[in-house]
Each structure stands twice: as C-alpha cells, then as structure tokens.
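S.K.: Take a look at the letters that make up each chain.
2 protein chains.
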Amino acid sequence: MPSTNLSFENRDAHRAWLAAQAALPAGFRVGCTRFEFMPKEAPKPAKMTLTLLALDEPTTSFAAMFTRNAFPGAPIIVGRKRLAEASVGAVIINNKISNVCAPGGVEASEQICAATAQALGLSPTQVLPSSTGVIGWSLPTDTMVGALPAAVGALRAGSILPAAEGIVTTDLYPKIRRATVGGGSIVGIAKGAGMIEPNMATMLVYILTDIAVPRAELRPMLARAVDASFNAISVDSDTSTSDTVVALSSGRVPFQDWGTFERGLHQVCRDLAEDVVRNGEGIRHVIRVTVKNAASLGLARSIGKAVVNGPLFKCAVAGNDPNVGRLIQAIGKHVGAHAPGTNLSKLSAKMGGIEIFANGVFQLDPTKESALVAHLKSAELYPSVPSKDGIFTAPIDYPPHERAVELEIDIGNGAASAAVIGGDLTHEYVSENADYRS
Amino acid sequence: MPSTNLSFENRDAHRAWLAAQAALPAGFRVGCTRFEFMPKEAPKPAKMTLTLLALDEPTTSFAAMFTRNAFPGAPIIVGRKRLAEASVGAVIINNKISNVCAPGGVEASEQICAATAQALGLSPTQVLPSSTGVIGWSLPTDTMVGALPAAVGALRAGSILPAAEGIVTTDLYPKIRRATVGGGSIVGIAKGAGMIEPNMATMLVYILTDIAVPRAELRPMLARAVDASFNAISVDSDTSTSDTVVALSSGRVPFQDWGTFERGLHQVCRDLAEDVVRNGEGIRHVIRVTVKNAASLGLARSIGKAVVNGPLFKCAVAGNDPNVGRLIQAIGKHVGAHAPGTNLSKLSAKMGGIEIFANGVFQLDPTKESALVAHLKSAELYPSVPSKDGIFTAPIDYPPHERAVELEIDIGNGAASAAVIGGDLTHEYVSENADYRS
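Chains F and P are the protein sequences, given in the same order.
First residue of the first sequence? That's 0 in numbering that gives the first Met the number 0, and the numbers climb one at a time after it.
First residue of the second sequence? That's 0 in numbering that gives the first Met the number 0, and the numbers climb one at a time after it.
Among the hints, erroneous ones may be present.
Which copy is meant is left open, because identical chains are indistinguishable; a pair holds if it fits in one copy or across any two.
[Said to hold, decoys possible] Only pairs whose alpha carbons sit at most 25 Å apart, straight line, appear in this in silico DSS-like list of lysine-lysine: (1) 345 x 291; (2) 345 x 367; (3) 367 x 349; (4) 349 x 46; (5) 387 x 39; (6) 46 x 80; (7) 376 x 349; (8) 291 x 367; (9) 367 x 95; (10) 46 x 95; (11) 349 x 387.
If you are wondering where the hints come from, they were derived from the structure by calculation, not from laboratory data.
All chains, please: the whole structure from these sequences, using the hints.
M.R.: Given below as structure tokens:
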C-alpha cells in the first residue's frame with residue numbers, strides 16, 4: 000500500500016506539495032542546463048536537458064541496479080563497471096537520446112564522464128552516466144561537453160526539484176518522494192513508465208540520502224527495496240534497455256538503525272514506483288493486485304503480473320467494466336502455462352473488497368455488479384475523450400488522487416504473498432505509441 | 000508461409016471463394032439452428048446458434064486438443080474424457096455462452112450431449128461438446144434441448160459453410176480452408192482470435208476428412224500440426240478457457256501416404272491459424288516473425304512471441320512506424336529474462352527483406368526508412384478511422400489481401416528456426432474490448 004493517500008485539485012497544488020518534498024539531503028547539489036542540438040540521424044533540431052547530481056565529497060557508499068534487457072544501453076555497460084570503483088562523486092544524466100545500440104556508444108558515455116570529471120575535479124571513473132530517450136541515435140558529445148559548464152554553474156544545494164524536472168521526457172509531471180530517517184532523510188526522484196520517448200521507455204531513479212549508511216549495507220538494502228517496488232510494477236510488460244536505479248549516500252548524518260533506514264528506503268521506492276505507474280503512458284486506472292497464500296513468492300508475483308499484463312482485463316478496467324471472466328482467464332492462463340498442476344480449487348478473488356469468485360465458480364449478482372462498477376469509476380484518474388482529430392491525450396498534468404483498482408487473489412494453497420501494481424490499456428496508450436507518425 | 004496469396008475486392012468475392020472451399024468430405028453432414036433465449040444472468044434476451052457436425056457412421060478416428068488454461072471450460076473437461084472413448088459420432092457446438100466456471104457446468108454439457116445422442120441414435124459418450132462466448136453464464140439447457148430437433152432436421156451433406164457461419168460470435172467473416180489429399184480432402188473451419196465475446200475469447204477449430212487415417216496416426220499428426228500453427232499465433236497473448244481443435248475422419252477414402260496427408264493437415268491448420276490472426280480483434284496488420292539459427296526451437300518460438308506480444312512494437316506497427324528500437328527491445332527483454340547469457344553479438348534482423356540491425360548496432364538510413372514505411376503500409380488491411388462517437392470499428396467483413404509485415408531475426412547462435420504470427424495493437428482493439436460499456 001502507498002504511504003500516502005493524496006489528492007490534488009490542480010497543477011499548482013501538486014507543485015507546491017512537490018516543492019515541500021524536494022529538500023535535498025545534506026552533501027548534495029543539483030544543476031541542469033537545456034540546449035538545442037542537431038541529431039545526426041534526424042532532419043530537424045532537438046532539445047536535450049543535461050542534469051548533474053554532485054556530491055560535495057566523493058562517497059564510497061553508492062549502489063546501482065540496472066535493466067536485465069539483453070541489449071543494455073551504453074550507460075548501463077559503463078555503470079556496471081563503476082560498481083567496482085572505490086567511490087563516486089557525480090551522476091550525469093541526459094534525456095532525448097538513450098545511447099542504445101548506437102555505434103561508439105560506450106566511448107561516447109565515457110567521454111561525457113571524463114568531461115564531467117574534469118569540470119568537478121574528479122577522476123572519470125567517479126562519474127556515473129545515465130541516458131534516456133530515442134534508441135539507436137548517437138549522443139551529440141561535442142554539444143554536450145560544451146553545455147557542461149552551464150550545468151556545473153547551476154549546481155545548487157537546497158532542492159532536488161530541478162533534477163526531477165530535468166530528467167523527464169514525456170512524463171506528465173515530476174516525481175519526488177521522501178522519508179525522514181533519524182536526523183537525516185532519503186529523497187528519491189523518478190522518470191518514466193511505459194514508452195516515454197517515441198522510440199523507447201526508460202525508468203531512471205535516483206535516491207539520495209545524507210544518512211551515513213555503508214556501501215556493504217546499502218547495496219543489499221537497495222536490491223531488496225527495488226525487488227519489492229520497481230520489480231513489482233508493470234505498465235506494458237516491456238523492459239527498457241536503460242532502466243537504472245542509483246542510490247548515493249553523502250554520509251553526513253551518523254545513524255546505526257538499519258531496520259529504520261531500510262523501511263524508509265522501501266517507502267520511498269514503493270511510493271515512487273506507484274507514481275511511475277500512475278503517470279504511466281495512457282494510464283487512467285492504477286491496478287493493485289495482492290496475491291495471498293501462494294506456494295512461492297515467485298508464483299504470487301507472476302500471477303499478479305499476469306493479471307496487470309493481461310490486455311483483455313486491462314481493456315475492461317479502462318472501460319469501468321468489472322469483467323471478472325477476463326481476470327480468472329488471466330490467472331488460469333498463467334498457471335496453466337507456468338505452474339501446471341497447481342491446485343486452484345480453493346482460489347477466491349475480491350475486487351474492491353467484494354467477493355467475485357470462490358469454490359471454482361463466479362459469485363456475482365446485479366447488486367455486486369453495480370458496486371464493482373462504482374469501485375472502478377472511483378479509481379479512474381480522468382475520463383477518456385478524443386480530441387477533434389481523434390487523438391487521445393491526458394487532460395491533466397498532476398495526479399488528481401491516489402486511489403487504485405484493488406484486487407485480492409487468495410490462492411489458498413501456500414503461504415507466500417506479493418503486491419503488484421499496473422494499469423489499464425487505453426486509447427491514450429495507443430495514441431501515444433501509434434499515432435505520433437503515419 | 001501461407002499456401003495462398005489471395006485478395007478480395009468485396010464481401011461477395013470472398014463469399015464466392017468460401018463457397019468453393021466449403022465442399023464437405025464424404026461421410027459428414029452439418030446442420031444449424033438459431034434461437035432466442037433468456038439468460039439467467041442478464042436482463043435481456045440473447046441469441047444462440049446451435050451447430051451440429053454429424054458423421055454418417057461413428058468413427059474411431061478422432062483427435063482433439065484443448066486449452067492449457069488452468070480454468071478450463073466444462074466442455075473441455077468433458078472433451079478430455081471423450082478422448083478415451085472408442086468412437087465419436089457427432090460434435091454439438093453452441094456460441095454465446097462458453098460454460099466456464101458456471102455452477103453445474105459439466106452436468107449441463109453432458110445433458111446437451113445426451114439429448115444430441117438420443118436424437119441421432121448415438122450413445123452420450125459418442126458426442127463431443129463445444130461452447131464459446133460469455134464466461135460465467137449458465138447454458139440454457141432446456142431451450143437448447145428444445146432447439147436440437149431443428150438442428151438435426153437441418154443436417155445436410157455438401158457444404159460446411161453453414162457450420163463455419165454457425166460457430167462465429169463477433170468474427171468479421173467465416174473461415175474455411177481445404178486441402179485435397181489423394182482421392183479425398185481435408186476441410187477445416189475456425190472461429191475466433193482475441194476476445195470475441197465481450198466476456199471471453201475462444202478459438203474453436205474443426206477439421207473433417209474422408210481420408211481413412213487411423214486414430215493412432217491422426218492424434219500425433221494433429222498434435223504436430225497444432226504445435227506449428229495454432230500454438231504459433233498470438234493475437235493478444237491471452238489464452239482462452241475454451242480453445243479447442245477437433246479432427247474427425249469418416250474413413251471413406253482409402254489412403255496410405257501419411258506424409259502427404261500430414262502435409263495437407265499442416266497446410267489447412269497453418270492457413271486457418273493465419274486467418275484467425277488476420278480476422279483477430281482490431282488487427283490491421285498481420286505480423287509474421289521468422290526466427291532463424293536459435294539454440295532451440297523453444298527459444299526461437301518464444302523470441303517470436305515476445306516480438307508479436309510486445310505492446311510497444313505492436314503499436315508502432317499499427318502506426319506504420321518502422322520503430323526498430325522497440326523490436327530490439329522486445330528481443331532483449333525476452334532473452335534477458337528467460338535465456339540470460341545467450342550470445343546475441345551475431346544477431347541480425349530484417350523487416351520486409353531490409354537489414355535493420357547487425358553487429359550490435361542499428362543499420363538504418365533515410366532511404367531504408369522510407370522503404371520500411373512502404374512495407375508496413377502495404378501490409379495494412381484497412382486504415383484506422385474513428386466513428387463520430389469516437390468508436391473505432393473495422394470497415395470490412397472480408398480479407399482484402401493476405402500480405403503481412405515480414406520480420407526475419409537471425410540469432411546466429413544455433414540451428415533451430417520457428418515462424419510466429421501475430422498482429423498489431425490498435426484503437427480498434429481497445430474499442431472492441433473497452434468501449435462496449437461504461
């Protein structure tokens with residue numbers, strides 16, 4: 000469950016809340032610069048934002064997790080090498096081009112790191128690179144190096160909001176979450192969900208803390224937090240070639256209670272993960288599936304993912320249609336293919352707290368049906384309306400509420416449970432991903 | 000590849016071709032009746048067609064394959080038992096209600112079989128039942144039994160067309176394919192693809208032959224043919240609770256060349272499978288993926304399915320957008336998750352015969368881009384146009400051509416190959432599956 004139940008009436012109210020979340024932990028500064036460039040592969044100019052996250056002093060306490068896609072972007076290849084380094088002093092992030100499977104991609108990423116290091120008095124291996132945007136295009140390295148001094152000059156302590164805004168592509172709004180831990184804080188920002196740039200999805204997440212957590216504690220804690228948050232969401236089942244989660248500690252605030260720290264880290268990750276889904280491409284309903292009493296955690300999570308990735312059920316939710324036949328079909332499809340022989344005779348399912356399936360048969364009547372429709376409508380973020388030219392776009396750039404379609408599936412055949420978050424499949428998704436060219 | 004490369008200018012031309020395909024093999028008759036009934040679960044009357052496939056004499060040579068969904072419909076449960084019987088004399092098929100997870104579903108299916116058997120002078124275990132349509136509703140058994148004499152009275156030899164039309168739900172057109180083998184023939188009909196009824200998808204396929212093929216030969220041949228055809232297609236990755244493929248031989252035409260028979264069976268299955276995709280919900284482009292030189296058949300097929308089930312790539316195809324970044328992402332997503340460590344350094348990919356990826360980087364230029372767009376447009380079945388109320392529907396009820404988006408992925412790392420057929424993800428799909436209620 001999310002740690003908040005917020006609602007915002009308009010963009011200004013949401014921005015005011017974000018500003019309050021954005022206080023940077025001690026020991027960090029952020030700076031951005033935006034510029035136009037001419038891509039080698041396109042006929043017209045494009046715009047890029049370069050975002051710099053800098054530590055006042057390099058830290059040995061850093062952690063990062065990357066996509067499992069077998070065609071990782073060049074910054075992922077470089078980032079994996081950086082994990083073996085003694086310390087990190089900065090992260091340099093660009094949007095617009097993801098630097099994936101482009102000729103000379105790794106060399107380009109290393110060139111940007113070297114230039115960043117020179118500007119900040121670091122060694123090149125102390126800089127982590129990230130890129131998001133079009134797949135296959137080449138980074139405009141000369142233009143980026145030329146723009147670096149402006150990003151360095153913009154470095155400020157105080158607020159992470161410029162970075163949260165700098166890393167986005169077509170996100171509708173920036174995403175920031177924080178937890179207070181001891182005398183310090185954990186602050187995270189995220190971009191993405193679904194395919195953001197016309198050519199690619201990327202989820203980039205940066206988590207900064209001033210709590211003095213050693214690397215040996217931070218890395219396994221981040222792995223557990225990512226597993227329970229970003230690995231438990233799915234907008235459209237596609238896996239970016241650039242997904243990255245980075246955690247950095249400035250070590251300014253002494254603290255020893257790692258249980259408390261880890262709870263804060265989990266909360267920030269879970270809240271950001273849900274933000275990513277809520278702001279996912281074309282999503283009009285967030286769907287939260289809690290699977291209980293499964294034989295294993297893996298089966299619990301994969302059943303949850305089968306539900307939120309089932310296109311028929313996703314379409315039904317988009318239409319506020321409590322089509323529970325499609326829900327049971329999605330569960331049966333997954334179990335039949337991946338866990339045949341699983342005893343499903345005790346399976347029961349609820350939507351919005353209302354029992355819809357038990358003892359092998361549906362449990363429905365017209366009164367329940369009306370209540371289920373009401374539950375779906377209450378979770379809708381905005382109604383779907385096409386523009387005059389038939390294109391569907393989101394009419395809001397803030398989250399009007401944090402309600403979700405709540406599903407509970409009790410397998411009745413084990414002790415493991417998992418929560419998975421996803422969304423519906425809408426005309427807005429198709430418009431964003433099919434209609435932008437013809 | 001399909002055995003034909005047909006095109007039809009209008010519905011009448013397509014229907015004339017179907018009529019020519021429809022000649023029934025010797026020893027079979029088909030009959031249908033359509034009637035209105037009052038569902039227990041809905042406030043207004045609905046219509047159902049009862050379709051009867053009857054053998055002049057019961058046959059020992061029958062085969063059937065069923066869905067692997069872990070929540071199979073009642074007719075699947077009954078059908079699996081029938082496989083152990085000595086002979087079968089008829090198949091009774093209804094549309095509108097799929098009889099899945101409804102109270103007393105198996106008893107209802109058996110009741111329909113018993114009534115059919117009585118009308119035809121068979122034993123109840125000599126009748127195979129099939130149902131397609133809404134999940135969770137109960138069969139109107141009394142009304143169906145009352146309608147049976149009309150179906151029996153309509154039984155005719157000559158044409159399978161009434162059955163091909165009788166089994167459909169929201170299919171745009173009936174699907175019939177035939178192969179001539181020796182002095183006899185193999186004729187198949189199919190319904191479905193994607194979610195046909197508002198509540199459920201079902202693919203039903205019936206293959207009739209007068210060739211005297213023994214059961215012991217027919218069953219493994221059907222398994223191989225289904226594996227290479229219906230198991231190699233995906234409209235939306237969802238697996239029906241009712242999928243059924245039945246093959247029946249009347250044994251009228253002596254023949255011994257099982258290699259020739261099996262080739263004819265494969266051709267009929269492959270052509271029907273491609274018809275099912277071409278007529279799949281909202282499909283405006285058929286996508287054919289040929290994966291070559293993979294380490295195993297399983298990997299070749301699963302990479303092909305990852306491509307045709309990747310929503311981002313499917314949307315790109317819908318928009319005639321040669322977004323090869325999404326294609327490579329889909330391959331990398333699958334290999335990273337399911338075959339990590341696979342060497343992809345020799346992977347190359349072609350679209351419409353044009354090389355788009357090799358040696359780890361994209362192989363693109365503006366001339367190729369134009370050719371790729373032209374290839375996508377040539378495979379489009381119809382342009383997408385919303386109605387005045389924003390609903391997208393197919394403007395045709397016949398297949399205007401049999402061209403597909405042709406993808407060739409050479410893994411360069413093994414000897415196995417597979418062909419997988421799927422389609423794009425369109426506004427028409429979302430309209431059919433989300434917009435019908437609110």
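S.K.: A separate judgement is required for each hint: does it hold in the structure or not?
M.R.: Right, here's what the structure says about each hint:
no.	hint	in the structure
1	345 x 291	within (12 Å within a copy, 43 Å between copies)
2	345 x 367	within (21 Å within a copy, 56 Å between copies)
3	367 x 349	within (11 Å within a copy, 51 Å between copies)
4	349 x 46	neither (47 Å within a copy, 31 Å between copies)
5	387 x 39	neither (35 Å within a copy, 42 Å between copies)
6	46 x 80	neither (29 Å within a copy, 65 Å between copies)
7	376 x 349	within (16 Å within a copy, 44 Å between copies)
8	291 x 367	within (22 Å within a copy, 51 Å between copies)
9	367 x 95	between (47 Å within a copy, 23 Å between copies)
10	46 x 95	within (7 Å within a copy, 54 Å between copies)
11	349 x 387	neither (39 Å within a copy, 37 Å between copies)
Of the hints listed earlier, those the structure fails to meet are numbers 4, 5, 6 and 11, in rising order.
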